[in-house]
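Once you have looked at the hints, place chains B, C and D on chain A.
There are 4 protein chains.
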Amino acid sequence: MDFELTQDQHDIQRAVRELAASFGNDYWAEHDHDHRFPWEFYDAFAHGGWLGIQEASILLEEVAASGAAMNGCSAMHLTIFGINVLVKHGSEALRAEILPGVVDGSLHVCFGVTEPDAGTDTSRITTTARRDGDSYVVHGRKVWTTKAGDSQKIVLLARTSPRDDASPTDGMSLFLADVDRSAMEITPIAKMGRNAVASHEVRIDGLRVPAAARIGEEGDGFRYLLDGLNPERILLAHEALGIGRVAIEHATEYATQREVFGRPIGQNQGLAFPLAEAQTRLDAARLMARNAAWRYDNGLRCGREANMAKFLCADAGFEAADRAVQTLGGMGYAREYHVERYFREARLIRLAPISQEMVLNYVSQHVLGLPRSY
Amino acid sequence: MDFELTQDQHDIQRAVRELAASFGNDYWAEHDHDHRFPWEFYDAFAHGGWLGIQEASILLEEVAASGAAMNGCSAMHLTIFGINVLVKHGSEALRAEILPGVVDGSLHVCFGVTEPDAGTDTSRITTTARRDGDSYVVHGRKVWTTKAGDSQKIVLLARTSPRDDASPTDGMSLFLADVDRSAMEITPIAKMGRNAVASHEVRIDGLRVPAAARIGEEGDGFRYLLDGLNPERILLAHEALGIGRVAIEHATEYATQREVFGRPIGQNQGLAFPLAEAQTRLDAARLMARNAAWRYDNGLRCGREANMAKFLCADAGFEAADRAVQTLGGMGYAREYHVERYFREARLIRLAPISQEMVLNYVSQHVLGLPRSY
Amino acid sequence: MDFELTQDQHDIQRAVRELAASFGNDYWAEHDHDHRFPWEFYDAFAHGGWLGIQEASILLEEVAASGAAMNGCSAMHLTIFGINVLVKHGSEALRAEILPGVVDGSLHVCFGVTEPDAGTDTSRITTTARRDGDSYVVHGRKVWTTKAGDSQKIVLLARTSPRDDASPTDGMSLFLADVDRSAMEITPIAKMGRNAVASHEVRIDGLRVPAAARIGEEGDGFRYLLDGLNPERILLAHEALGIGRVAIEHATEYATQREVFGRPIGQNQGLAFPLAEAQTRLDAARLMARNAAWRYDNGLRCGREANMAKFLCADAGFEAADRAVQTLGGMGYAREYHVERYFREARLIRLAPISQEMVLNYVSQHVLGLPRSY
Amino acid sequence: MDFELTQDQHDIQRAVRELAASFGNDYWAEHDHDHRFPWEFYDAFAHGGWLGIQEASILLEEVAASGAAMNGCSAMHLTIFGINVLVKHGSEALRAEILPGVVDGSLHVCFGVTEPDAGTDTSRITTTARRDGDSYVVHGRKVWTTKAGDSQKIVLLARTSPRDDASPTDGMSLFLADVDRSAMEITPIAKMGRNAVASHEVRIDGLRVPAAARIGEEGDGFRYLLDGLNPERILLAHEALGIGRVAIEHATEYATQREVFGRPIGQNQGLAFPLAEAQTRLDAARLMARNAAWRYDNGLRCGREANMAKFLCADAGFEAADRAVQTLGGMGYAREYHVERYFREARLIRLAPISQEMVLNYVSQHVLGLPRSY
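Protein chains in written order, with my numbering: chain A, 187 to 560; chain B, 187 to 560; chain C, 187 to 560; chain D, 187 to 560.
No wet-lab data here; the hints were simulated from the structure.
Certain hints may be false.
What the hints assert, rightly or not - Derived, one-sided and incomplete: chain A residues facing chain D with beta-carbon distance under 8 Å: (1) Glu190; (2) Gly452; (3) Phe459.
Note that this is a predicted model, so its numbers are computed, not measured.
The beta carbon of each residue, even a glycine, is placed where N, CA and C say it ideally should be.
One chain only, chain A, in its complex shape:
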């Protein structure tokens, strides 16, 4: 047993911390307010070349904790875990075409999986890709496609065979399509937070995709995506930790300096105890998240740990941000003090990439062995 980071991991942590610190809260507050993608930040980190999920986790926690929160992380994490499906299952030609641009930051890829009427039940997606000679013709509608407006490529999940109740997750295929506005309507979704990085609704009407741009076998798309679910949960868990950390830092600093009734407000247990509990829960959640990352990188099963990590980190990160708002009082509600931004962003991770409720369904069924409830 050994709970410490390795020296390499410590080095990554320090390097990221320093690089991220050169941006900082005002940079992120402005980009969030102006709904502007953080290109400078993105480019600064493009050549990172991080190896495993453990390293990526450390990276994203530090980015979030720099005050970048999800705005900073979302700009990057798609590249880290999203492109994985292409690396693992794409043809050699496809990989050769795409990966260099992804690695040097010049090519942006977004992911079109979620649909408005399917929600959590991905087997219900209705976007179709009909084979037509050497290509497929795609019709359908995606939502929450992050960075669609800033990407040249989109990884698309579409039905290539009709849904069969006996094996509802079969018959879907993955494509690496061009973001072609002549056949796609891309509309940003106004939302509560993480506004430097837009998410979009994408309506696709007759998009033609060459068969060579299919990732892996026809009908196996859903299975390929499954590979990526645990890494996605692990990385988002670390982002929540980072937000929680920076929120507590702000709150603690404020509570130490702000005096009311002749003494620092942090001397009041009514403010201090909830912060102390938030810190304690963050620390425990981090152990679970690191445990999950370590297991993934070592080829061990990690569904239990990845799901639990996402639940615990999302919860602890939000609580920390909520308590930071409360600690700062009225100032917690003002944009100038940043914690309201952490609060809005932390709220998202209780919903995505999987809701807290679906995690509890997973644990009920697959950890406790209770009967499926839905």
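Same frame as chain A, but now just chains B, C and D:
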């Protein structure tokens, strides 16, 4: 004992509900997004002439529950409880000059009490009003002055004698000053929500106020304000109730219509139970809030009830809004569905007009009789 | 609207408080420890003759708050709400035979409704009463029959027709049977608390009950019981309030007197705030419970209010008791200080007479209109 | 990084699990009910000879999880971490006299540290040891001295110099005294749970202790005890985990088998989700507890981790037990199903060996750097 509204109160409730419904969620979402004061709404309600705190409570709950939330209420509640101090303690001349315009909606008055360095400890305000012949000269700085940018008049609290530790709340006086930009710098505070109604920082440098514009006696200003604290808490409590109510309505409707895995998501106890608990806590909080209003209107002591009502309603309203976001999943994060707006606004009432923590201090000390902790 | 007790209700409250105070914590601790029925207490209260549910509620809250907790209340509440079904639906002869003894305290009646395999789903009871000439012959098994070992009579629910899925709650009948040990085996159930008043498992094998001892019509037994569900919830809700109240009283007194690190521990917000919140939630829960009682006594629908009252009071009462234990530290775990007894008893009301979860099902379905989940 | 147990640790875990399973729930229920010390169990484990805190932790979690809960653990953990102070600081002669009997289970040692008027503030103890020739004479009063009635020896903390406000924790000394009833009055404290192992009040009046029985230097007793605080917290944390684990096992089994309304109750998210969340929090708390044990055994600072582990495990263990009671409904309140016993025992660990509130004080001050609040 009788827990029912009177027929008159029912009539007010119905009238307000209908009038408020003619505005609606899109109106409020736009005004919030554009940071635009809801003049049409304000004018529509200007001639209300509500009698007691019970009626005003019913009014504000209905306004909030129409989807207007705090944007709608804050536009109005200053008039209702804020102007009270003038009605009770102002000279006849001052009342004659001001009240008609307030009642017909043509004159706007804002309140300059809170200061950045004093916070909850009002005895620490540093704005001073120095007597100079027939007038006072004011210097200082106020924060969170709502509607300062849209008002012609400001009720100002300022020190007219130096702070004395033995009686620290003496020596402050109230004035009804002009909003005179030649001696005031008014800056809106960027904030998380309630953006149709701006709050401002106000820097005052040499503002001259006629002695006749002083409200009541010199040195008694704080005492006059105390009268208004319980009504303010009672009214804000009802606003929180209204927000909670409309949030649950949206969530319940969504949970009934939205199908995932072949059935409405509201059939899942994991979503239904937290909504049911939120509804239950709202109903209990409403009883406390009505109890407080009834006691105030009947001249009974109501500090315990008003404080508890504010605590319970703020908590229940926020929980309802938070659960509405969670019920709508990703859509809960999208502006289009309005619940994220309720969530941002409900958050404010846990901080203002008094923080949850200060309520717990009140209950600890004045209800339980425990020693003061700060 | 009027939230105050009437003068009569105040008088009852004072009278009960004084009478109950003549017993006190040591009396209850001993009877609980020795598993001894509180006969002296029971006799002292036998001639009460309380009128409505509001008065009974006031009575039971005061009894619980005297330190008697559920031990005191359970000894009495069966008489109050349990015998109701006989008063409303029993034949004149049956009422004449039974009620005088119940009123003067000489005759004890217990209730045999719950069965081990039916649980919350009463339609699944398997105790049968087969008609045989002028009498019925009963076979079956009941659990949690309180006072069975100390009663002369038992109100029994038994199937007189087989279960029909189309109308599963029809076909059950109520009987007022003798507690006849020649045909009944009565075994106390060892349990966590409320040990002055035993609950029993009752195995019935060939008990003969005269047809004249049937309460009301054959087949309508379940419907008669329904009448009593809301009063039962309302009364138990008040018992939870009483427990919460006495727990906070003990905790507050201890926190005021106990000094550690040179000052009363109640000066620590970490202890004071949870007590203040518990007090606040108790006060709100009481309003809901009184609202429910007032509605019942005035013939208004009260399912929503009675269920919510039971949920809120059970929750607030338990939280108060839990916080009292925590406030007393190690002494909270010692029997001598009584709060551990309140804690064990308060825990019961989260389970009975209906679980918190079944209340949330009721609210989800009947208040929010969500689809039934089970 | 490596989160797995070593092979040796796995072996210990399996061995303990098997040995503990040969006792089981009925054994513990009886000993708890009869207030009888578990001698057979104690003897079976006496020759264990576990090495580090990590191994002891694994041992105690398994013992607790066998259904023995704290009754089983308290019988043993005093030996494990309590005798440590003797091993580290006792003279060679004292160690030679005592340790063999402790190791073979024939000699029982209890610990007399806590006093009724000092509570958490150990510097306030008033038991004195006055030097008189070659011995000390002790007067004073201890509480919560576990096993005092079954021990031959007691480790006593007593003041050997008067309290000095400048260094209040100096001037206390440790002694290994005989349990001599001619100078000691030993009274068991009736308590809510963990009743197989009694705790006592000990009144000492003129007990004579040879100077050779002093452990270490005069005046340094408190400092020696400090060494043991973190191990104590770590071990108790693991006991809480074990209780939580067995509680969830019972609840899950019951929820799978128990059918109401025609389906297993575990299919209801209203029951399943709280269990899933409890499991998730237990898993995270375990990582923190193992982290603390690993750090201690590796000579790293572990105050932060040990305190957090105690807080998280106590909280998660109690929540698991509470939810187990709720899952079993009425049966959760019956002794026969054991979860009420887990519930009573788990409650203790929120109070001891340090209260949750004192952990939050530790974290506030030593982790977050906030000013001391008391």
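Here's how the hints hold up against the structure:
no., hint, result
1, Glu190, "holds, 7 Å"
2, Gly452, "holds, 4 Å"
3, Phe459, "holds, 4 Å"
Every hint from the earlier list agrees with this structure, and none is contradicted.
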